[in-house]
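Residue numbers (the working numbering), protein chains in the order written: chain A, 1 to 745; chain B, 1001 to 1151.
Some hints here could point you the wrong way.
With beta-carbon atoms standing in for the labels, derived distance ranges [said to hold, decoys possible]:
1) Leu182(A) - Glu1013(B): 55 to 65 angstroms
2) Arg1120(B) - Tyr674(A): 24 to 34 angstroms
3) Val613(A) - Arg1120(B): 15 to 25 angstroms
4) Gly696(A) - Thr1119(B): 35 to 45 angstroms
5) Asp1052(B) - Ser733(A): 24 to 34 angstroms
Here are a few chain A residues that sit away from chain B, every Cβ distance over 12 angstroms (derived from the structure) [said to hold, decoys possible]:
6) Asn371
7) Arg552
8) Ala721
None of these hints come from the bench; they were simulated from the model.
We treat Cβ as the ideally placed atom computed from N, Cα and C, and that holds for glycine.
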Amino acid sequence: MLRRSIPETGVTRRALMIGAAGLSFAFVERGFGLADAISPASAASPTTFNPWVAIAPDGLISIMSPAAEMGQGSKTSLPLILAEELDADWKDVRIVAAPPNEEIYGNPGFLGMMYTAGSATVAGYYTPMRQFGAQVRRVILDNAARKWGVAVSELRTEPSVVVHDKTGRRLSYGEIASFAVLPPTAPQINPDELKRPGQFRLIGNDVTRFELPTKVDGSARYAIDIQVPGMLYGALLTPVFPDSRAKTIDDAAARAVHGVVGIYNLPNGVGVGVVAETPWAAFTAKDALRVSWTPSPKAGAFDSEASMDRYAAISRGEISQQATLWDKAGDGTDGLETATETLTGEYRCDYAYHAQMEPLNAVASVSEDGNSVEIWCGTQSQAMAVRVAASTLGIDRSKVKFNEVLLGGGFGRRGPQDQDFLVGALLLSREVKRPIKVLWTREDDIRNGRFRPMSAHRIEAGFGKGGELTTWHHRVTTDNVSIFQDPGRYYGPFKQRDMLSLLGTELPTYSIPNRLSEHFAVDSGVRLASLRGIGFTANKFATESFVDESARKRGIDPLEFRLSLTRNAPRARAVLEAVAEMSNWRQRRPGSGYGLAYIDYSGTQIAGVAEIVMDRTSGEIRLKNFWVAIDPGVAVQPDNIVAQTEGSVVYGMGMALSEQITIKDGEIQQSNFYDYTVMRMRDLPNIEVRIVRSDGRPTGVGQMATPLVAPAIGNAVAELAGVRLRHTPMLPSRVLAALNGGARQ
Amino acid sequence: MIVHFTVNGSRAEADAPPETPLLWVLREHLKLPGTRFGCGAGLCGACMVHIDGDRAFSCQTQLSGIEGRAVTTIEGLSKDSTHPVQKAWLKEQVPQCGYCQSGQIMSAAALLKHSPHPTRDEIVDYMSAHICRCGTYPRILRAIERASREG
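Isolated chain A (complex conformation) (with noise of 0.2 angstroms):
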C-alpha cells in the first residue's frame, strides 16, 4: 500500500484504485503532475495489480497515461477513453504520467512496449482503455446498489454520478469511493456492454489537451529546462559514423576556458565529452577541441551522390544483389511476362533529417556510489529509457527512477533502443559525481542525427488486355534501418525484415492481383531512424508517382485509375471521393497543376490533392492549396485529427520540397536551419482537412498525411509542366533539369 502526504495540507487521502485484473487500494494526492506521478508499487505484484483509475472521496479522478507527449495530444486521449466508459466527468479527471513498467502499461497494439510511435497510441490502447474504465463503472454501480438496496439494473450514471431514477437518489463517484468494497477479481465486460458511438460523450468532441495552457505562458517543462541542485553542464563532440573513435585529442585550448570542470573521452563512440559551469562554457569548450577521428570501418569517405547511383543500379538489376522478400501476393512477378503491356517507373528519395524544436538533451544525476541514479529526459519510450539507463551504469532498474518532461518534437528521433541522447549524460555524471545536464547544439542534433535513410526504387507494372493493371513489382534498395534502431525488435519480432524501410510497399487496397515488393538491403554505416511517415514517405512517393505515371500514360484520369483500383475498398473510395469534391477536382482550374496521392497507412485511409504553380525560370514549386480527406476510424479528438494532419502536410512539404542531407568525403554537408530548410509560414498553402467519418476503431492520425505530400505534387508537377519528377526533395535545380529534357513523361 502506498502512502504519501500531501505538502500544503498533510493529509493523505483514501482512495480506489481499479485495473484489469486486480482492484485494490491505495492512497493518492493532489497536484501530482507529469514528473510527479503516483507511482503503482503496492503490496500486490504487477501480475495480479494492473491500476490505471484512483478515485478519491472529494471526487477527484486520477487517470494513468502511457503516452509520451511529443504534441500528438494521446496523453490526453487515452485517458479520455478511459474516461467515457467509466463515465466521468471530464472536469473531475486528472492525468497522470504512468511509470515506466511495460508489463502494465505497455501497449498492446505496440508489441506490449511502453513506445509513443507509429501513430499507434489510440490504436493500440482504445480498446483496453474502454475496458479499464467499464469496469471501474460497474464497481461503482455494484457499490451504489448496495448502498441503497436495489438491483444494479435500475441505476444508471451521469458524468461522475450514479442515480436511481426510481427514488431520485445520487450519489457522486467520490462520495462511492469513500466506502467502496472492491471485487477479489475485476469484472468481466463483454464487448457489447460498452458504450455505443450514439452514447460517447466525450470521444468526438473536443477538449483541450492538459498540457496546453502550459505551451501559452511559458511554465511547460521540457528535459532542457530542468535545473537540479549542484548541476552542471555537459556537451559532447561526436564521430559523423557511430564506428568511429576519438585517435587524437587536442584538448589544450578547451581546457583553458573559464568554467570547463573536465574532458572527457567516452567509450564506445559517445564522443568527448565537455564538463563545464554554464553552457556556454561547455560549447566554447567543445568548440575548441581538436579531435581526430578514426575512419568509419563501414561508411569510410561516403558519398552520398555516388552511392544513389549505386543504390539505382542495384534496384535496376544491374548489379546483382539478394533481395529480401516483403510482401507478395497471387503469383508476385509471374504475371509481367504475359502481360499485354508493362511499364517501368524509378524514383529516388534523399536522406531526411527530424529536426526536432528541442535540441536532444538529457539530464542525469548519479548517485555518490554509482548504484542508482535519476534521470530526465524527453523519449518516445519511458521503458526504453529505463533499461538504457541501468545497462549504461551496470545497475539494476529499479535503481532507476525516471522522471517524464514533455518532448520539443519526437518524429521518430527519440526512439531508438539505445536512447543516444541519453547516454551522454549517465557518463558525465558517473564521472563528476554530480548531475549533469547534456545539451546538444542544434549543429550536433544533425551530426548526431539518424536519417531517414536515402532509397532507389523500380516499380515494373504489367497490364492485361483490357488495360487492367494485373502485376506490380517494387523493388527497393535502402539501408536497413530496423537493424540500426531497433535491432531488439528487427531480430525479434520483425524476423529479421525491415518495417521501418519498406511498409508502404503493400498497396492493400488496390486490386491488383499478383504483387511482389523486395527490400535490397545496403550498410552504408550512416545513422538511421524511423522518421514520421517512416518507410511510407519514399515508398509512396514511388508508388503513388507511378500509379499517376500509369494512368496518365494510359489516357486515364489519375482519379478515375485510383477510383478503379479501389472498387473492392469502400472506405479508401469515400476518401478519394471526398478529396475530389473539396479539391474540385472534376472541374480543375487551367493554369494550376492538380496532383493526387491515396494512400492506406495501417488502416487509415487518407487522400490528398496538391494545388500548385510553377516559377518555369527558377524552377521553384509553390504549393496553393493541399486538400486532404481523411478516415481514421473513430475520431476520438476531431480537431487534434486535424491539427496533427495541418502538421503532418507541412512536415511532408519540406521532405518534398526542401529537405536534404547530403554525405560527402565522409563528412553531413548541413549543419543549422540555413542549409537544411524546413518549411516556414511563407511557404504555407491554405489547407483544408475533412475527417470522412467511419466507426472502425481508430487506427492512427499523427503521420498519415507526411507521405502524401510528395507524390501529390509530382503529379501535380506532371499534370502542369509534362515532366515527371522522380527525386526527393523536388529541388528548384532538379524541377529545372526535367523541365530542361532530363525526365520527359
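For this one, chain A is given, so just place chain B on it according to the hints.
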C-alpha cells in the same frame, strides 16, 4: 562581467563572460526557461524575447549589449495568459509540441504592438522568422488574426 538590466519589470544582474548569449543567461542564470534554445543562430525564433519593446533573438544578443535595457520574456508577457495573443493561442489551440511557441507568441505580440491590424502578407512576412516543426502555421496565422480582431 556583471551586467544590470530588467527582466519582466524586475531588476536583474548577471555575471558571465560578455559574449554569453542573453538566451543562456535567462534560462540558466535567471531560471526563466520559457525562452527556448532551438538553433543558436537566429534562424528559428524559439529564443525570441522583447528588448525595450522590440523583438530580439536572445541567442544573438550578447550579455554585454543589454546593460540598462528592459527585457521581456514569455513569463512576463502577462500575469495569467491574458495577453490577447495568448488568449487567441488558446482559442485556436495552436501548440502541438509547444517548444517554439514562446518565441512565436513573443513575435506575434511585438507585431501587433507595432501594427495592430496587419495584413495577412505582413503577418506571414514577420512570422517567417520562426520555425514550427510541428507545422502549426495555419493556427498561428488564425490566432494572430483573431488577436488583432478581438484585441
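Each hint, compared with the structure:
no.: 1; hint: Leu182(A) - Glu1013(B): 55 to 65 angstroms; verdict: holds (58 angstroms)
no.: 2; hint: Arg1120(B) - Tyr674(A): 24 to 34 angstroms; verdict: holds (26 angstroms)
no.: 3; hint: Val613(A) - Arg1120(B): 15 to 25 angstroms; verdict: holds (18 angstroms)
no.: 4; hint: Gly696(A) - Thr1119(B): 35 to 45 angstroms; verdict: holds (44 angstroms)
no.: 5; hint: Asp1052(B) - Ser733(A): 24 to 34 angstroms; verdict: violated (43 angstroms)
no.: 6; hint: Asn371; verdict: holds (29 angstroms)
no.: 7; hint: Arg552; verdict: holds (30 angstroms)
no.: 8; hint: Ala721; verdict: holds (26 angstroms)
Violated hint for the displayed structure: number 5, the only one.
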